[in-house]
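*Asks:* Sequence:
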Amino acid sequence: MTIHVEGLVAIAIFYLLILVVGIWAAWKNKHSGEAEGTDRSETIMVGGRDIGLFVGGFTMTATWVGGGYINGTAEYVYLPGYGLAWAQAPFGYALSLVVGGLFFAKPMRSRGYVTMLDPFQQIYGKRMGGLLFIPALMGEIFWSAAILSALGATLSVIVDINIKMSVVISALIAIFYTLVGGLYSVAYTDVVQLFCIFLGLWISVPFALTNPAVSDIGITAVTQIYQAPWRGSVAKEDTWVWIDNFCLLMLGGIPWQVYFQRVLSASSATYAQVLSFLAAFGCLVMAVPSVLIGAIGASTDWNQTSYGPVSPKEKDEADMILPIVLQHLCPPFVSFFGLGAVSAAVMSSADSSILSASSMFARNIYQMAFRQSASDKEIVWVMRITIFVFGGLATVMALLTGTVYGLWYLSSDLVYVIIFPQLLSVLFVKGTNTYGSVAAYLFGMVLRIGGGEPYLRLPPFIYYPGWVVEERVHHLTGLVEKVVVQKFPYKTVSMVASFLGNVAFSHLAKYLFESGKLSHKYDFLDAVVSKDSGEIMDKTTLVTRSNNIVLSELASVKPRLSVTLASTFTRRDTLPTAIEDEEDSSPDSPDHKLD
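Start counting the sequence shown at 0; every next residue gets the next number (numbering that gives the first Met the number 0).
Calculated from the structure, these hints are not laboratory results.
We put the beta carbon where it would ideally sit given N, CA and C, even for glycine.
Treat the hints with care, as some may be off.
[What the hints assert, rightly or not] What follows is a list of derived Cβ distance ranges for each label pair:
hint : residue 1 : residue 2 : range
1    : Ser305    : Trp241    : 32 to 40 Å
2    : Tyr510    : Asp315    : 29 to 37 Å
3    : Phe90     : Asp315    : 51 to 59 Å
4    : Val287    : Trp241    : 19 to 27 Å
5    : Gly51     : Val233    : 35 to 43 Å
6    : His519    : Leu283    : 49 to 57 Å
7    : Arg456    : Thr238    : 51 to 59 Å
8    : Ala503    : Met164    : 35 to 43 Å
9    : Glu469    : Phe332    : 38 to 46 Å
10   : Lys235    : Phe280    : 27 to 35 Å
11   : Tyr521    : Phe194    : 54 to 62 Å
12   : Lys314    : Phe90     : 26 to 34 Å
13   : Thr222    : Trp201    : 45 to 53 Å
14   : Gly51     : Val287    : 20 to 28 Å
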């Protein structure tokens, strides 16, 4: 086994840089929020709600720009038969941030929520909030596991060291500074992460472009030389699949705690919107070097490189095209610098998902569902324990599970078809209740899982119109696998059905109970006829009950935040708007009262 000393040194330098920044951020902000009386647990989850424009812009961009984003974009541009036309992540996630900024950031931030699940538990109750926590948790954990799994593959390209050891060390570093500093450490390391990606890739691209084995990418975009043109195209029969996937990225990229974690940490609702728009631009900019590297991979005669005559696609290594290009088409010092930076960035990408999962568990499950009288210190310790547990779980899955990407694809689909329509309902649709929420949950889950998941070898039990059977050949083993492919946009249809089911069943339940067609005793979820339910967490109930006083954070942003904004932040022109937004969109205003 060969140890590349230069590669190890490069990785060590970048890892140390991120670790030092994470610890420094924790030390710098250890007393943040104390002057205003903010709980320590809330500071860990959303900072002191004082993330500024510079750090906020970077950390919001890093919501999606990380190891999976840059590797995945390069992979799809490189893959024959897909190309740039199917590299949907840059535009999909950019539009996701725009839509989130336009419609979701303002109501969520102005009402002073702490996690994404707060409005669900406020309207639908703690039990429904617990059910919605399941797909949200799966998405965060599987995303972290997929990132760490990609990290192991990337490191195997750079240095011939034990992959399991490198993944464990990477996870421990991310877990450690997240434990110490919470959101502040995540935000400041995001700045370093994006600088690492930007510098590492842009330094490498010119060397790879001028390698003698690489043809003109302008020609290979439209002409077949070594493989199909990397510009790609969308066949007529795949149009609905393309639209379905794009809607999944654009709308399904909104209902994630990693996004609202940044939104809720902004200093005002207006700032949250501005940061979303800046991040959308950042997503597009950060995708450019990945697109170029994918194009370079598609334009390379691999027989002239140290990689060998067999292309990455034929070795089933297309998912590692970015580190392969950097390793075999760039000089060693450039290669190690670029790959070290990318590896550190991939490692840093896992932190926000781990923090998001622990925040939702500590606040929405442990505190609201089981220990409503828990002290702030107790919640902090629960967060620390769950950060370690969820981080360890993601690490174990990355090391032992060969289908981690399939699990993430399925869980991200469930976030889209289950949580997004319910988020729409609680924020913008009056009159929905827990009965509709349960029906929507079941509709979305059955319709999505019924379509199957090829990555998990999960066969469908619902065959949507236009389904076909395709044969997929494994290049290394020669095995032929028959897979059912759904050509129907069933993911988006499942999402729409879930939304309509929520509205319809909510109004049906309300009509049946209020008209007397169903006895009030059958309202077992206390969602319609109970006026002072212990299950439905509306703001007035939460604030007035003495034993639930710790849950008053669900009320609109406390006056201390609004009053002291002028002396804390320089953007004074946003303050009147922000304060008006908080008053206008407060849950206890007439427009937001429960039916």
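*Asks:* Give a verdict on every hint.
*Replies:* Hint-by-hint comparison with the structure:
As the Cβ distance of Ser305 to Trp241 is approximately 36 Å, the hint placing it in 32 to 40 Å holds. Here the CB-CB span from Tyr510 to Asp315 is close to 56 Å, at odds with the stated 29 to 37 Å. The given range of 51 to 59 Å is broken by Phe90 and Asp315, whose C-beta atoms sit roughly 27 Å from each other. A hinted range of 19 to 27 Å holds for the C-beta pair Val287 and Trp241, which are about 22 Å apart.
A hinted range of 35 to 43 Å for the beta carbons of Gly51 and Val233 is consistent with their spacing of about 41 Å. Here the CB-CB span from His519 to Leu283 is close to 54 Å, well matched to the stated 49 to 57 Å. Evaluation of the 51 to 59 Å hint for Arg456 and Thr238 yields a failure: the beta carbon distance comes to about 26 Å. Taking 35 to 43 Å as the suggested C-beta distance range, the pair Ala503 and Met164 does not conform, at roughly 53 Å.
Checked against the hint of 38 to 46 Å, the C-beta distance between Glu469 and Phe332 comes to roughly 44 Å, which is consistent with it. Distance hint check: the CB atoms of Lys235 and Phe280 are about 33 Å apart, consistent with the given range 27 to 35 Å. Against the hinted window of 54 to 62 Å, the Cβ-Cβ separation of Tyr521 and Phe194 comes to about 59 Å, which satisfies the hint. Checking the proposed 26 to 34 Å range against Lys314 and Phe90 shows it holds: the Cβ atoms sit about 29 Å from each other.
Distance hint for Thr222 and Trp201: a CB-CB separation of about 27 Å, inconsistent with the stated range 45 to 53 Å. At roughly 26 Å, the beta carbons of Gly51 and Val287 sit within the given window of 20 to 28 Å.
Consistency with the previously given hints fails for numbers 2, 3, 7, 8 and 13, ordered from lowest to highest.
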